[in-house]
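*Asks:* One-letter residues, chain by chain:
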Amino acid sequence: MNTQALLSSALAGTVILECGDEHGEFAGVLLAGLGADVIRLEGKQGSNSRRLGPFTTPDHNPEHSLCFSRYNLGKKSISLEIEHPAVREPLARLAKQADVIIDSGEAAAVARRLEFYREMQRSNPRLIVCAITPFGLDGPYRDLKMTDLTHLALGGVMASCGYDPQADGAYDTPPIAPEMWQAYHIANEYAVIAITAALNFRELTGEGDCIDLSIHEAVSTCTEVAIPTYIYNGAVVRRQTGRHAAEGRTRPWLRRTRDGRYVKAFLFWGGRDVRVITEMLNEAGIEHDLESESYRELHRRSPSEAQAHFSAMIDKLVASLTAEEVFHRAQAKGLLWASVRYPEENIEDPHFQARGTFQTINHPELGRDLSYPVSVATDGNDRVTTVTRGAPRLGEHTQEILTRVGFSAAEIAALAARDAI
Amino acid sequence: MAQSESARPRPLQGVRVIDLTKIVAGPNATRMLATMGAEVIRVEWHDDRALDLLRGVRPLAPGGEADSVNRSGLFNNINAGKYGITLNMNLPQGRDLFKRLIADASVLCENYSPRQMERWELGYDVLSKINPGLIYLQISGMGKSGTYNAYLSVGPTAQALSGLTHMSGFPEPMPPAGWGYSYLDHSTGYYGAILVLAALLRRRRTGRGCYIDLSQTEAGIMLSGTATLEAQVTGKPTDRHGNRMQAAEWAPHGAYPCRGIDEWIAIAIQNDDQWAALATEIGAPDWTRETRLSSAAGRKANENDLDRLMAEATKEADRYDLMNRLQRRGIAAAAVQKADDRCERDPQLKARGYFVPLPHSEIGTWNIEGFPAKFGKVPVDVGGLPHRGAPMMGEDNDAIYRDLLGLTPEEIATLREEWVI
Chain A
0 MNTQALLSSA LAGTVILECG DEHGEFAGVL LAGLGADVIR LEGKQGSNSR RLGPFTTPDH
60 NPEHSLCFSR YNLGKKSISL EIEHPAVREP LARLAKQADV IIDSGEAAAV ARRLEFYREM
120 QRSNPRLIVC AITPFGLDGP YRDLKMTDLT HLALGGVMAS CGYDPQADGA YDTPPIAPEM
180 WQAYHIANEY AVIAITAALN FRELTGEGDC IDLSIHEAVS TCTEVAIPTY IYNGAVVRRQ
240 TGRHAAEGRT RPWLRRTRDG RYVKAFLFWG GRDVRVITEM LNEAGIEHDL ESESYRELHR
300 RSPSEAQAHF SAMIDKLVAS LTAEEVFHRA QAKGLLWASV RYPEENIEDP HFQARGTFQT
360 INHPELGRDL SYPVSVATDG NDRVTTVTRG APRLGEHTQE ILTRVGFSAA EIAALAARDA
420 I
Chain B
0 MAQSESARPR PLQGVRVIDL TKIVAGPNAT RMLATMGAEV IRVEWHDDRA LDLLRGVRPL
60 APGGEADSVN RSGLFNNINA GKYGITLNMN LPQGRDLFKR LIADASVLCE NYSPRQMERW
120 ELGYDVLSKI NPGLIYLQIS GMGKSGTYNA YLSVGPTAQA LSGLTHMSGF PEPMPPAGWG
180 YSYLDHSTGY YGAILVLAAL LRRRRTGRGC YIDLSQTEAG IMLSGTATLE AQVTGKPTDR
240 HGNRMQAAEW APHGAYPCRG IDEWIAIAIQ NDDQWAALAT EIGAPDWTRE TRLSSAAGRK
300 ANENDLDRLM AEATKEADRY DLMNRLQRRG IAAAAVQKAD DRCERDPQLK ARGYFVPLPH
360 SEIGTWNIEG FPAKFGKVPV DVGGLPHRGA PMMGEDNDAI YRDLLGLTPE EIATLREEWV
420 I
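Sequence order for the protein chains is A and B. Residues in the first sequence are numbered consecutively from 0, following numbering that gives the first Met the number 0. Residues in the second sequence are numbered consecutively from 0, following numbering that gives the first Met the number 0.
The following block holds chain A by itself, in its conformation from the complex (with noise of 0.2 Å):
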């Protein structure tokens, strides 16, 4: 484990509490990654991810949830009923000491709980407080019900991403929803955002404060020419297969290689990207008119057609060769073009080896390790990040935490008498 990491000591000694469910919980991993002590508060029943899967094992049991691993990896847990009334004090003691409480979930209930935590910051005026809520905390939408898929729907991803309509301009195929918990990725992403940059600001003021996240709003965000297009020009982007929406039709960017693979292989249709495809489909020992007078000819009269013409050769070209092999005679070349891996196959990748992008976990209940992405960038040599350990067992540090705060061992037991721990 890489505990001496560049940024591991940006967040060293802050302790955040997190609450909530599915919703929140990638922010902690974010932030435990700079050197946060990261407590995920869960009830005896264990967080909502610990339930949903992918598991590792067939009994769908709770410990063995690829879902709430990969989602807390790096935290502690503490199991504790949080509206119990007998965990008041436990959770003030907890409070008191915190540096940033992140709780996440459906308004209402946030909001219920947000009263103890603003009463919370009255003693610890320092605390921070991040609500991550599908709508935020006010606003005629607020308590809808939502999930990623109509997160991804309402906030404007959907309408972007899937395939191409037919001929006469008609969808027959639906909206596409890329897969992974993206909504949550988008906001949990902004939750760091706004918790560091709150954290800057307590450097300069002392005070803590009170975020309130709207997914809805992190997810808005993050359409790219799509909000701009209507505004400017008052026109709607239309969904393309495998490249950008766009108010009119574009040539494909996926092609099929050799091995039954795609690659993205796209074109700025400069003299340059013609030389380029020409060197590669003779160095391939393909057939090709691209440097006869006729091609140039009809680039001449009708450069449409011969865009359709080239684009064919590119065709011919991918189709001759591995989805590897394209990748990386391209980018030779200086085209950036790209296989379209599965995510798994970047494991043993070379250069993501290199920089650190995987970290091994142990999962005792396979008996062996496994690689979770980890790191998005390096000093030069290592990781910027940290990761010091995997998920935690439900209530791994209930104890550990208690105690911390003060909690005798006489009073624990009282705690889980009263099944409040």
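Just so you know, these hints were derived from the structure itself, not from any lab. Backbone N, C-alpha and C fix where the C-beta goes; we use that ideal spot for every residue, glycine too. Incorrect hints may appear among the rest.
Said to hold, decoys possible - Here are a few chain B residues that face chain A, going by a calculated C-beta distance under 8 Å:
{"hint": "1", "residue": "Arg48"}
{"hint": "2", "residue": "Ala60"}
{"hint": "3", "residue": "Ser144"}
{"hint": "4", "residue": "Tyr182"}
{"hint": "5", "residue": "Ala218"}
{"hint": "6", "residue": "Ser223"}
{"hint": "7", "residue": "Thr225"}
{"hint": "8", "residue": "His252"}
{"hint": "9", "residue": "Trp274"}
{"hint": "10", "residue": "Tyr319"}
{"hint": "11", "residue": "Gly329"}
Since the structure of chain A is already known, use the hints to place chain B on it.
*Replies:* Below, chain B without anything else, positioned relative to chain A:
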């Protein structure tokens, strides 16, 4: 000591960011820093090789000169809140001025190709001698360290390589739908902002600057969720699942057609009670009473039929009316909103003040997408210190070169004549 509202500093008060970024990923990072109160100075040049392509990207604000580089709506949206100067880095005089800017800066962000700064002899080794406290964020497609450091990338390249393209769309034989925009330009910007905000906290504690080598593709790998883990457990390559939920037995779970042209509603049924409520709301057709659909496992097992039947049931409904009716029954349902819907028909975005009108010196006042969180005390403003949209090319030359570098009007005029600024 608590301070009055008006006296409160912004979180990044006193932080000066020299912004050598282009397109979206880098500028999005510095946009976040500007929102948090940093003095962000975009350094640009206007010959064809150096010009930020985004300045010419559609949509353009209507009217004006055809060759103006100040009218892109996307550029305005991504570069709000920043100052703008011109500087010809290809000239020794330009690089000298750049070093003078760096001497008093807190942060440098750039996303040129990874070796460009060294070609200018402005690598971190040089700049950190001028300013040891400098935080230098370098953003590139693959990352500067590692074996792909000469490879080139834009958002779609990184999305393909990271696995995100593959994990969007229907399974084979359909191709990946991928993302209909450069999602990773957004995400990389968020990670860039997070890393700088953390590095600033570290510097407040240690006084030390640092170099950060951020990889856009690694950001994509970070967002691959549980896929890399599951593939390691099962030994099977990651598949695509359309709009279906794999983490739980939630079905129906998808986008279904509604009345109108390309109008859809996303619905996520999470339990038996919601299923019963959905059946009632769509008129309890006979198929909803089939035994095979009475359990979550049964609905999941019969998802092909279920999706076909759902599509029949929703196709005459108004998407917002159905959304409201389902929501009243506690069902996660949301219209698939396009940009016009979000701008014109989303009461939540309107109530929360999501769009922020900001003046631009050439194209007038336009709505800019806001920051998706409200703060109690921390002053944040997407319009940044100048409280305006994006800067025109070189808009702040006079003020910046005079106030920051102490140049006289005559010296500034000479630099202009010599094509240095």
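*Asks:* Are the hints correct? Go through all of them and say.
*Replies:* Comparing the hints with the structure gives:
no.: 1; hint: Arg48; in the structure: 13 Å, violated
no.: 2; hint: Ala60; in the structure: 5 Å, holds
no.: 3; hint: Ser144; in the structure: 5 Å, holds
no.: 4; hint: Tyr182; in the structure: 7 Å, holds
no.: 5; hint: Ala218; in the structure: 5 Å, holds
no.: 6; hint: Ser223; in the structure: 4 Å, holds
no.: 7; hint: Thr225; in the structure: 5 Å, holds
no.: 8; hint: His252; in the structure: 6 Å, holds
no.: 9; hint: Trp274; in the structure: 14 Å, violated
no.: 10; hint: Tyr319; in the structure: 11 Å, violated
no.: 11; hint: Gly329; in the structure: 6 Å, holds
Hints 1, 9, 10 from the earlier list are contradicted by this structure; the remaining hints agree with it.
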